[in-house]
Amino acid sequence: DGGITQSPKYLFRKEGQNVTLSCEQNLNHDAMYWYRQDPGQGLRLIYYSQIVNDFQKGDIAEGYSVSREKKESFPLTVTSAQKNPTAFYLCASSSPGQVQDTQYFGPGTRLTVL
Amino acid sequence: DQQVKQNSPSLSVQEGRISILNCDYTNSMFDYFLWYKKYPAEGPTFLISISSIKDKNEDGRFTVFLNKSAKHLSLHIVPSQPGDSAVYFCAASGTYKYIFGTGTRLKVLA
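Going down the list, the protein sequences come from chains A and B.
Position 42 of the first sequence, counted from 1, bears residue number 45 in the numbering used here, the numbering being contiguous throughout.
Position 23 of the second sequence, counted from 1, bears residue number 602 in the numbering used here, the numbering being contiguous throughout.
The reader is advised that the hints may include incorrect statements.
[Claimed, not checked] In silico BS3-like pairs for lysine-lysine, Cα to Cα no more than 27 Å straight-line:
no., chain 1, residue 1, chain 2, residue 2
1, A, K12, B, K635
2, B, K617, B, K584
3, A, K60, B, K633
4, A, K17, A, K86
5, B, K584, B, K650
6, B, K633, B, K647
7, B, K686, B, K650
8, B, K676, B, K650
9, A, K60, A, K86
10, A, K74, B, K676
11, B, K617, A, K12
12, B, K650, B, K617
13, A, K86, B, K676
14, B, K584, B, K647
15, B, K635, B, K650
16, B, K617, B, K676
17, B, K635, B, K647
18, B, K617, B, K633
19, A, K60, B, K617
20, B, K633, B, K676
21, B, K676, A, K12
22, B, K676, A, K73
23, B, K617, B, K686
24, B, K635, B, K686
25, A, K17, A, K74
26, A, K60, B, K686
27, B, K635, B, K676
Note that these hints are calculated values from the structure, not bench results.
The shape of chain A in the complex, shown without the other chains (with noise of 0.2 Å):
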């Protein structure tokens, strides 16, 4: 079965912690995104890839990064500068990253920071 897969589904961090979420696909996607989501708002664009080895930044990058170096995995590192990171992140990807495409997206993962 083809989808998108992202782990874990809950994940806890202390504050000052650096944390990375996992999103994989095998849609044979060439795009990649991630979204955050927060009560009473719009799914965000953190950062998006729309081809190996390559990445920009999306609406909120701050305090994140992310990596490409597989066409399968876009892992999203939340650093310790991220303000407010408790939220709801969303992976999706498209193919071919072509404007008209339809992005499908991933379970999701919530991240709380205590």
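On the provided structure of chain A, position chain B as indicated by the hints.
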């Protein structure tokens, strides 16, 4: 500045009736629009999309209408079913990025 707006945070509809969810946008460069359905603690599920060259797209019980002059799109669900109860997000794209609305929570009453 919110480029995509869903002004109704919630909507309740009787089972079997029509649900109409609305979305307004401000950027005339958007040329692709989508609707997603989302349950709590899950990722959004793609429902239906429409290109700016069309004014209507249908898929089963779901129809999306686009009024470019008014910069308005709507999602019609007919007939509404209790399983349709979820949060619905509209999204607009004119580049590689989507801009999402804040969502409308639909409750279908049995």
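To see whether the hints hold, each was checked on the structure:
| no. | hint | result |
| --- | --- | --- |
| 1 | A:K12 <-> B:K635 | violated, 37 Å |
| 2 | B:K617 <-> B:K584 | holds, 17 Å |
| 3 | A:K60 <-> B:K633 | violated, 31 Å |
| 4 | A:K17 <-> A:K86 | holds, 13 Å |
| 5 | B:K584 <-> B:K650 | holds, 11 Å |
| 6 | B:K633 <-> B:K647 | holds, 9 Å |
| 7 | B:K686 <-> B:K650 | holds, 26 Å |
| 8 | B:K676 <-> B:K650 | holds, 18 Å |
| 9 | A:K60 <-> A:K86 | holds, 17 Å |
| 10 | A:K74 <-> B:K676 | holds, 19 Å |
| 11 | B:K617 <-> A:K12 | holds, 16 Å |
| 12 | B:K650 <-> B:K617 | holds, 24 Å |
| 13 | A:K86 <-> B:K676 | holds, 24 Å |
| 14 | B:K584 <-> B:K647 | holds, 15 Å |
| 15 | B:K635 <-> B:K650 | holds, 14 Å |
| 16 | B:K617 <-> B:K676 | holds, 19 Å |
| 17 | B:K635 <-> B:K647 | holds, 11 Å |
| 18 | B:K617 <-> B:K633 | holds, 25 Å |
| 19 | A:K60 <-> B:K617 | holds, 25 Å |
| 20 | B:K633 <-> B:K676 | holds, 21 Å |
| 21 | B:K676 <-> A:K12 | holds, 25 Å |
| 22 | B:K676 <-> A:K73 | holds, 21 Å |
| 23 | B:K617 <-> B:K686 | holds, 13 Å |
| 24 | B:K635 <-> B:K686 | holds, 24 Å |
| 25 | A:K17 <-> A:K74 | violated, 31 Å |
| 26 | A:K60 <-> B:K686 | violated, 36 Å |
| 27 | B:K635 <-> B:K676 | holds, 23 Å |
Of the numbered hints given earlier, the model fails hints 1, 3, 25 and 26; all others are met.
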